[in-house]
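> Guided by the hints, dock chain B onto chain A, whose structure is given.
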Amino acid sequence: MNQALLFSVFIIASCGLAYELIAGALSSYLLGDSITQFSTVIGTYLFAMGIGSWLSRYVERNLVARFVQIELMVGVLGGFSAAALFFIFVWFTTPFQVALYLAVFGIGVLVGLEIPLIMRILKRDLSFKDLVSQVLTFDYLGALAVSILFPLLLVPQLGLVRSGLLFGLLNVLVALWALWIFREQLRNTFWLKTQAFVSLGVLAIGFAAAGQFTSLAEAHLYADEIVYNETSPYQHIVITRWKDDLRLFLNNNLQFSSRDEYRYHEALVHPGLSTLPVARRVLVLGGGDGLAVREILKYPQVESITLVDLDPAMTQLFSTAAALRKLNEDALHSPKVKVINADALKWLEDNAELFDFVVVDFPDPSNFAIGKLYSAAFYRLLEKHLTAGALAVIQSTSPLYARQSFWCVVSTLESVGFVTTPYHALVPSFGEWGFVLAGRRAYRPPASYAVATRFLTPEATPALFQFPKDMARVDAEVNRLNNQVLVRYFESEWRQVIR
Amino acid sequence: MDRRDFLASLAAAGLASLTGCDAPASIPLPPGELLGTALETGHRLRQSNLPPASETRRVPVLIVGAGIGGLSAGWKLAKAGFNDFLMVELEAGPGGNSRAGRNEVSAYPLAAHYLPLPTLEATAVRELLAELGVLHGDARAARPIYDERYLCAMPQERLYRNGWWQDGVLPQNGVSAAEREQYRRFYVLMDAFKQRRDGQQRAFALPMELSSRAPDLLALDRLTLRDWLLAQGLDSPHLHWYVDYACRDDYGTGSAEVSAWAGIHYFACRNGEAQDAASDTVLTTPGGNGWLAEGLAQGIKARAGDRLLGGTLAFRVAEVDGQMHVDLWRPAEQRTLRVIAEQLIWAAPLFLVPHVLVGNDSLKAAARRYSHAPWLVANLTLSRFPGERAGSAMAWDNVLYDSPGLGYVVATHQQMRMRPGATVFTYYRALAGMSPQQGRAALQDTSREAWAEQILAELERPHPDIRQVTTRLDIFRNAHAMARPLPGLIWGDARRMFAADGARLRFAHADVSGFSLFEEAQYRGVLAAERTLRRMGKNFVTSLS
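Those sequence lines, one after another, are chains A and B. Going left to right, the first sequence walks through residues 981 to 1479 as our numbering numbers them. Going left to right, the second sequence walks through residues 8 to 552 as our numbering numbers them.
Just chain B, same shape as in the assembly:
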């Protein structure tokens, strides 16, 4: 044998065994679908060639959008005994960013997947949780009891880094003492924000509307979180990875772009406690936040009957003689329906406003101040749990360090099973690190197979046999998943225009708060409903104090 051949074959053998790549290309990609929000119908808005109305209906209150904002508005109206409203939704079903899917293995999230323990000021969230039987006893208690089956089971989260799974998401192994000191200082700062009160108001409240307006706090909305950290002398790369991860996870945008106010809000607003769980425990189910959307929808149905018109695009909103004229395109029937409402609650994303609103240029200009982050969610159905690298045991939320994705949650984690069998992994990726336009182009142009290959290659690092056990891989695209809280949005004038009360038109969407959290969407929905009831002279008990 020639020496050179010999070395070459040795190198090849060594490499093959080191990377463990037994020709992965030989395993075909699992089947699946490329799904997403109703892109085609939605994009009809750009064309303005939809036909005039063939029917006109009158309804006292119209709600456009049946995500958490719209559902919460309907829920509050129905709870107040006011049933005379109509809810329309572009998608076939309600739920928005809290929608869930389901297959023969499990329910699984299509977007949001958890709710932190509610803060004291999140009174409407607590009211809903009590109604759903998940919060027991006094809904206003500082430390209520929650249903154990909704509290995320141990272990809640882990991080894959340097070939090893660790507990928790903040990197630990091999992090220098100097960086750990920065971790500590970061938490001291966040804790001070958590504790701070200006009068009755918390510095960072959830819902954010209840936060302090102290000038030094609002000033945080004028720089990025990254710049703020650096200004505090916090430059630890691991800490920066962690806060960047948190920002991508909650806002779909990295810490170099997100407003410091929004970024700190993430760390400083959550102070909910429970009698039967640690304060960092979250509430979750196999279908993510699907149970909350279903709970709201059921709450409406039980009180007011079926109020939802799905598969319906609101494409023109005009105020005519003191009434709201809303034109609705029904693609299934290929016709337009006009609804004339006394009161309109717009609970759809605000980026649609310039496309539908007639007149009111200042609102349209305000809506254009927003930008929305594109997201990708993949659901991998697995015949069994994949093989594991060393370290911590499988958790609910499994985060990958230095990865374009955010990791995955395990749909069956909350199942009371001794032996896990088949399962569904829900993989998340915010298309951060590029402009939203580029991200949307990537969503539109990339095939399911290309996404599947990328995702499997990423998950193959911690789970070498992931390809062998994945029986299905569905991609769910959301081109405008959530508002991006860039500096100036949250405490700027544009957002405040949508938060203000109106005579006939009110906005009820997480976008009105500037970022997409369940608590924010629900607050905006309930607030819009209460303002509407007040305007119509109806009596009700407020859910917001």
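Here chain A stands alone, though its shape is the one from the complex:
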């Protein structure tokens, strides 16, 4: 029996440390600044354990029954702590820290009660010397086991929410085990047993449903209802809806909001294409949402549009989901449109087709892989696919938030011989956004738009090409494959925006 109780010391010590680690990890994860989070969580927890130990003097009778109840309380409170804190963070931002320290304090007090009670239970069978030595040995061993398993196995395999519930279950199992071991000493265990099985059931259900917890919580991190959520081999695609506003997130970065995407896509397509009355063949690189294609299809002279997007999941989604087909006006099903799922770089290398207008709508240059798509080598390759009078337009991040990045794209295009015309437009969900037209000849803005627009007018168009003082040109190096300077610019500029 002593062995069994010592083993339960090991288990409850593991659980005790686990709750502390979970609270520390969750708060660092959600609030950042891990040093502060961990040290305040550990401090609160240890202090609370001290209070628990002190309180243990007031537990005088029915030690085993009290021990069982404390185990059940620790199990339920600790087990659900991660899930509950996650939800509190998502729903009410302000009291999160209050809830966090309350939870940590509460669990700490209960855990602080455990070891003194166990020692007192064991006191009847062991000398004081053995008691202290054995109980504390298993206490520390349990802590060691969890501190190793937590980062290596539990968090990567189960995640925080499920790890918490798993330890809650262990606490309840210890309680049940204690009930069984002391079955002869305890009278009238019905009520205790009921509490134990209810706790066990609740935790088990929680564990089974933890998957839904996480996606529910994620849904709230995105603020709006998630209507689509898929992880393709290339990216994490999420679409949210709030009333009539659909938003596309790729790897948690907003790509468009249906409320103002027309501003972005009109600005992307029309200033260039409206000046090319004989444009027949158009190429779109990136832009698997079909929204640029929707704008291009407004031009009757365009005979064919080739859309090259890496991710089949994207083009599939935007050619099947009803709400999205409505948004892009079923552009991807147009007989003029050919959808190709390929790496744009490889496709440009392998093909010799020429185009009159090219839309280059890649994600922002936030890593070396995407940085290649903004390199001089890439633009040299692009140039080989342009007919004599052709234009290309490049989405080039924000000239306001990432000023040097924007002008770096301009410098890079110029370095390979393009005549460039930079411009910008306000897209409320993004902010001030920048584009660059590139061609072999000087470009002149259109005097009129032959197609229907919601945002652009001939009168307002000249202003797009004016760069006020805070967006005016700055020196920037040419982005090359062998320096990737754009990724460096972009990282440092966006870091300042986020701060």
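To be clear, the hints were calculated from the coordinates, so they are not data collected in a lab. Please note: incorrect hints may appear among the correct ones.
To be verified - Listing some non-contacts, in silico: residues in chain B with all C-beta distances to chain A over 10 Å:
| hint | residue |
| --- | --- |
| 1 | N56 |
| 2 | E155 |
| 3 | C159 |
| 4 | Q173 |
| 5 | V195 |
| 6 | D283 |
| 7 | A400 |
| 8 | Q421 |
| 9 | D452 |
As the list claims (entries may be wrong) - Here are the computed lysine to any residue pairs in the SDA-like style, where the Cα-Cα straight-line distance is at most 20 Å:
| hint | chain 1 | residue 1 | chain 2 | residue 2 |
| --- | --- | --- | --- | --- |
| 10 | A | K1103 | A | R1046 |
| 11 | A | K1173 | A | Q1049 |
| 12 | A | K1223 | A | T1211 |
| 13 | A | K1278 | A | R1434 |
| 14 | A | K1364 | A | G1397 |
| 15 | A | K1316 | A | E1283 |
| 16 | A | K1326 | B | R511 |
| 17 | A | K1364 | B | M423 |
| 18 | A | K1173 | A | A1045 |
| 19 | A | K1316 | A | A1349 |
| 20 | B | K371 | B | N169 |
| 21 | A | K1326 | B | M425 |
| 22 | A | K1326 | A | L1366 |
| 23 | A | K1278 | A | P1425 |
| 24 | A | K1326 | B | E164 |
| 25 | B | K86 | B | M423 |
| 26 | A | K1326 | B | M423 |
| 27 | A | K1326 | B | T419 |
| 28 | A | K1306 | A | G1397 |
| 29 | B | K201 | B | L217 |
| 30 | A | K1326 | B | G495 |
| 31 | A | K1278 | A | T1437 |
| 32 | B | K371 | B | M504 |
| 33 | A | K1223 | A | D1240 |
| 34 | B | K86 | B | R426 |
| 35 | A | K1326 | B | D154 |
| 36 | A | K1364 | A | Y1423 |
| 37 | A | K1364 | B | D154 |
| 38 | A | K1326 | B | K86 |
| 39 | A | K1109 | A | D1119 |
| 40 | A | K1326 | B | R109 |
For clarity, every value in this text was computed on a predicted model and none was experimentally measured. Heads up, the beta-carbon is just placed ideally off N, CA and C, and yes, glycines get one too.
Coordinates of chain B only, in the frame set by chain A:
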């Protein structure tokens, strides 16, 4: 549960999760081949039982060896409009240490994998790069423009140390201030050597033939690099690791053996610049330096047609009545061909000279002064990029600290791809830290499976799932990969005998410079060709000034 069992199971669980070894032995080794230089045919030289010639051919110029030295000699002859030469090569194809392999995923190097930006004095290298369309504009410009696709893409190199990838190869994290001060002093010293000029000559030029002969510099060839560093008060263990790595990488031999002159040459000779790249950028392709060998071979073919006889062992070279008689064994035909040439350019490694040359004992003795380093190159074909430890992103050259290997280069690094798919890692290991004889014995006796296991275990540290993604692992052995520039070789008499001009026999191999660099091999090849043309009274425009 018994307490002891309990502790034991705990320890086992802890260890298993700490090392992350989910029984790696359960993943079978990937298939592959044990390849290498033409060892068997080459070793026929030892037996001297090859049959007499069944056919005799005459040719004005014979080039033995179609590595970079031989190809460059042929290239220069053909550029000068002299097409009447024959090139023979032991291996099936040309390229020597610049050969590349290719599979369905990518081309990959079998040996040398980069060319630093050429120095001003490397005029022949610049001429070749301009001809290949990689150097744009004035080939003699101080800062030419290079084709971006050949400039190594960012990030160029990183180092795995203490479970973490850092940028660059010189260890940084947790290195004490005192050691950093030594780093700084080391670079001050190297920079002084880089800047130093004695008259027109740089202290350490590339090609090395153009270097200053100042006595204090030549004296550096009489001690090892390690001893020289210690004499400068540089004893930082991290600095010593770094220079040792550099020596193993370029010379196949550690800094405790390499001559200080050669070691400093590595750090002080490269001063090439580019208009469109940082000066430490290198030129590379998926197939390493294969494109340079192919470019030279194409340059010959376009001008002079097919001049190469592959799979041919030159086993006897004799000067008879003012002509060079060279006996060639053709294993595929099981017969011997004798070529009588007016001029012979020996562009094969010099360790072969004692085995083939008839007479001329002083040259043979000089050749025996050389020793050659054995190398191992493994090409791992991967279904996708392996998992990564924390730190810097995947680079082209990925170096492992405190490892017998030199790390690996990523063949697909130069590909313009947004999403990397399958790739090839080329892993390098100079069998340094043992005698070349022991290294060669290890190459001969070790099975592919044993090498594969060692290499995967080494790469598993930075890439825990490397075994899961490796679909093929080929081992390429080179028992005599390169000359080892030990003290006394470079500025000793033996090497100078091979560098001297001859009446009918000239040597054109990196061995003539004492170490295996593309620039050296090409210089020796072009120089031998120009000397040959001059001897034959042909007109040409020199590539060497």
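> Evaluate each hint against the coordinates.
Consistency of the hints with the structure:
The beta carbon of N56/B sits about 53 Å from the closest Cβ of chain A, which is more than 10 Å, so the claim that it is off the interface holds. For E155/B, the shortest C-beta to C-beta distance to chain A comes to about 4 Å, within the 10 Å cut-off, and the non-interface label is violated. The claim that C159/B lies off the interface is violated: its Cβ sits roughly 6 Å from the closest Cβ of chain A, which falls inside the 10 Å cut-off. Distance check on Q173/B: its Cβ is at least 16 Å (rounded) from any Cβ of chain A, clearing the 10 Å threshold; non-interface status holds.
Once the 10 Å rule is applied to beta carbons, V195/B is consistent with being away from chain A; the minimum gap is 26 Å. Interface exclusion of D283/B from chain A breaks down, the closest Cβ pair being 6 Å apart, not more than 10 Å. For A400/B, the shortest C-beta to C-beta distance to chain A comes to about 6 Å, within the 10 Å cut-off, and the non-interface label is violated. With a cut of 10 Å on Cβ distances, Q421/B falls inside the contact zone with chain A, its closest approach being about 8 Å.
Even its closest Cβ contact with chain A, about 39 Å, leaves D452/B beyond 10 Å, as expected for a residue assigned away from the interface. Restraint check for K1103/A and R1046/A: satisfied, since their Cα atoms lie roughly 16 Å apart, inside the 20 Å limit. Of the supplied pair hints, the one linking K1173/A and Q1049/A holds, its CA atoms being roughly 10 Å apart against a limit of 20 Å. About 25 Å separates the Cα atoms of K1223/A and T1211/A, which puts this hinted pair outside 20 Å; it is violated.
Under the criterion of a C-alpha separation no larger than 20 Å, the hint pairing K1278/A with R1434/A is consistent with the structure, at around 13 Å. Proposed proximity of K1364/A and G1397/A is supported: the alpha carbons are some 12 Å apart, at most 20 Å. A distance of roughly 6 Å separates the Cα atoms of K1316/A and E1283/A; the hinted pair therefore holds under the 20 Å criterion. Straight-line distance between C-alpha atoms of K1326/A and R511/B comes to about 52 Å, which puts the hinted pair past the 20 Å bound.
With a C-alpha separation of about 15 Å, the suggested pairing of K1364/A with M423/B holds against the 20 Å cut-off. Annotation: proposed proximity of K1173/A to A1045/A holds, straight-line Cα distance about 10 Å (limit 20 Å). Distance restraint check for K1316/A and A1349/A: the Cα-Cα separation of roughly 31 Å exceeds the 20 Å cut-off, and the hinted pair is therefore not satisfied. As the CA atoms of K371/B and N169/B are separated by approximately 48 Å, the hinted pair breaks the 20 Å bound.
Simply put, K1326/A and M425/B have alpha-carbon atoms about 9 Å apart, close enough for the 20 Å limit, and the pair holds. Of the pairs offered as hints, the one joining K1326/A and L1366/A holds, with about 17 Å between alpha carbons and a cut-off of 20 Å not exceeded. Taking the CA atoms of K1278/A and P1425/A, the gap is near 18 Å; set against the 20 Å cutoff, the hint holds. About 24 Å separates the Cα atoms of K1326/A and E164/B, which puts this hinted pair outside 20 Å; it is violated.
A hinted pair counts as satisfied when its Cα atoms are at most 20 Å apart, and K86/B with M423/B does not qualify at roughly 33 Å. Restraint check for K1326/A and M423/B: the C-alpha separation of about 7 Å stays at or below 20 Å, so the hint holds. Under the criterion of a C-alpha separation no larger than 20 Å, the hint pairing K1326/A with T419/B is consistent with the structure, at around 13 Å. Among the hinted pairs, K1306/A with G1397/A is inconsistent with the structure: their alpha-carbon atoms are about 40 Å apart, more than 20 Å.
With a CA separation close to 14 Å, the supplied pair K201/B and L217/B stays within the 20 Å bound. A hinted pair counts as satisfied when its Cα atoms are at most 20 Å apart, and K1326/A with G495/B does not qualify at roughly 51 Å. This hinted pair checks out: K1278/A and T1437/A have alpha carbons roughly 16 Å apart, not beyond 20 Å. Of the supplied pair hints, the one linking K371/B and M504/B holds, its CA atoms being roughly 10 Å apart against a limit of 20 Å.
Distance restraint check for K1223/A and D1240/A: the Cα-Cα separation of roughly 14 Å lies within the 20 Å cut-off, and the hinted pair is therefore satisfied. About 42 Å separates the Cα atoms of K86/B and R426/B, which puts this hinted pair outside 20 Å; it is violated. For the given pair, K1326/A sits about 18 Å from D154/B by alpha-carbon distance, which is consistent with the 20 Å threshold. The hinted pair formed by K1364/A and Y1423/A meets the criterion: a straight-line CA distance of about 19 Å does not exceed 20 Å.
Distance restraint check for K1364/A and D154/B: the Cα-Cα separation of roughly 16 Å lies within the 20 Å cut-off, and the hinted pair is therefore satisfied. For a cut-off of 20 Å, the pair hint linking K1326/A to K86/B is broken: about 36 Å separates their Cα positions. Taken as a hint, the K1109/A and D1119/A pair is honoured in the structure, with Cα atoms around 16 Å apart against an allowance of 20 Å. Our distance criterion of 20 Å between C-alpha atoms is met by K1326/A and R109/B, whose separation comes to about 19 Å.
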